[in-house]
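Protein chains: 2
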Amino acid sequence: MPRVVVHVMPKPEILDPQGKAVASALPRLGFEGVASVRQGKRFELELAGPADDAALAMIRQAAETLLSNPVIEDVVQIEVLEEEGA
Amino acid sequence: MPRVVVHVMPKPEILDPQGKAVASALPRLGFEGVASVRQGKRFELELAGPADDAALAMIRQAAETLLSNPVIEDVVQIEVLEEEGA
Chain C
1 MPRVVVHVMP
11 KPEILDPQGK
21 AVASALPRLG
31 FEGVASVRQG
41 KRFELELAGP
51 ADDAALAMIR
61 QAAETLLSNP
71 VIEDVVQIEV
81 LEEEGA
Chain P
1 MPRVVVHVMP
11 KPEILDPQGK
21 AVASALPRLG
31 FEGVASVRQG
41 KRFELELAGP
51 ADDAALAMIR
61 QAAETLLSNP
71 VIEDVVQIEV
81 LEEEGA
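If you're matching them up, the sequences are chains C and P in order.
According to this note's numbering, the residues represented by the first sequence are 1 to 86, in order.
According to this note's numbering, the residues represented by the second sequence are 1 to 86, in order.
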C-alpha cells in the first residue's frame with residue numbers, strides 16, 4: 001500500500017520553544033556548530049487505495065486542517081514514498 | 001547557511017497513540033481511505049559552517065542521542081537542504 005509523508009513545521013514568525021530547547025542543549029552535550037533548530041512533525045499515512053490525484057488532494061486538505069494548525073504551522077511538503085516490494 | 005533535516009519516527013514495533021488518534025479522527029472529519037497513521041518528528045538544523053562530512057557525522061550522533069530516543073524511535077533520514085540563494 002502506498003505511503004504518503006506529510007511534513008509540518010512551525011511558521012517562521014512563530015516562536016518554537018521545543019526547537020530552542022534542543023538548540024541550547026546541543027552545545028551542553030558537546031555538539032557545536034548548530035546555529036538554530038526548529039522542531040516540526042512528520043506524519044506517515046498508509047493509504048488503503050492508490051496514491052492518485054484524488055487521494056493526494058484529500059490528504060492535502062486533511063494536512064491543512066487536521067494534521068497542522070494553520071494559525072501557527074505550515075504544511076511544508078507532501079511526498080509519496082515508493083511502494084516497498086511493489 | 002546550510003540546513004539539515006533530521007527525520008525521527010517511532011519504531012515499527014512501538015505503539016503510537018498520537019498516530020492512532022489521528023487515524024481515527026480522519027474518517028470522523030470525512031477523510032476516508034487512510035489505513036494507518038504514524039506520527040514522528042522533523043528537526044530543521046541550521047548549521048553555522050559548511051555541511052561537510054564532519055558536520056554530518058556530528059549531526060548523526062546528535063540525532064541518535066538527543067533528537068531521538070533510541071529505545072523507541074529511529075532516525076529514518078538525515079537530508080541536507082539546498083542552500084537558499086547560495
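Bear in mind the hints are in silico, worked out from the structure with no lab data behind them.
Warning: the hint list may mix true and false statements.
Computed cross-link-like contacts, BS3-like style, restricted to lysine-lysine with a CA-CA straight-line distance of at most 25 Å [as the list claims (entries may be wrong)]:
hint	chain 1	residue 1	chain 2	residue 2
1	P	K41	C	K20
2	P	K20	C	K41
3	C	K41	C	K11
4	C	K41	P	K11
5	C	K20	P	K20
6	C	K41	P	K41
7	P	K41	P	K20
8	P	K41	P	K11
9	C	K41	C	K20
In silico negatives: residues of chain C with every beta carbon more than 10 Å from chain P [said to hold, decoys possible]:
hint	residue
10	M9
11	D53
12	V71
On the chain C side, residues computed to face chain P include the following (Cβ under 8 Å) [stated by the list, open to error]:
hint	residue
13	F31
14	V34
15	R38
16	R42
17	F43
18	L67
Backbone N, C-alpha and C fix where the C-beta goes; we use that ideal spot for every residue, glycine too.
Quiz prompt | Interface exclusion of V71 of chain C relative to chain P, criterion Cβ beyond 10 Å | solution = Non-interface label on V71 of chain C holds, nearest chain P Cβ at 18 Å vs cutoff 10 Å.
Quiz item: Holds or violated: are the alpha carbons of K41 of chain P and K20 of chain P at most 25 Å from each other?
Solution: holds, 16 Å
Quiz item: Should the interface hint for F31 of chain C be scored as holding, given a Cβ-Cβ cut-off of 8 Å against chain P?
Solution: holds, 4 Å
Exercise. Sort out whether K41 of chain C lies within 25 Å of K20 of chain P, counting only the CA atoms.
Key: holds, 15 Å
Quiz prompt | Interface restraint verdict for R42 of chain C against chain P (beta-carbon cut-off 8 Å) | solution = Result: holds, 4 Å to nearest chain P Cβ.
Quiz item: Under the criterion that the straight-line Cα-Cα distance not exceed 25 Å, is the pair K41 of chain C, K11 of chain C satisfied?
Solution: Holds - the C-alpha atoms of K11 of chain C and K41 of chain C are around 12 Å apart, at most 25 Å.
Quiz prompt | Given as non-interface: M9 of chain C, which should sit over 10 Å from chain P by C-beta | solution = violated, 7 Å
Quiz item: Straight-line Cα separation of K41 of chain C and K41 of chain P no greater than 25 Å?
Solution: The given pair, whose Cα atoms are some 4 Å apart, holds under the 25 Å limit.
Quiz item: Does the CB of L67 of chain C sit less than 8 Å away from some CB of chain P?
Solution: holds, 7 Å
Quiz item: Do the numbers back the hint for F43 of chain C, that is, is its least Cβ distance to chain P under 8 Å?
Solution: holds, 5 Å
Quiz prompt | Given pair status - K11 of chain P, K41 of chain P, alpha carbons within 25 Å | solution = holds, 12 Å
Exercise. For the pair supplied as a hint, K41 of chain C and K20 of chain C, confirm whether the alpha-carbon distance does not exceed 25 Å.
Key: Within the cut-off at roughly 16 Å; holds.
Violated hints for the displayed structure, listed by number in ascending order: 5 and 10.
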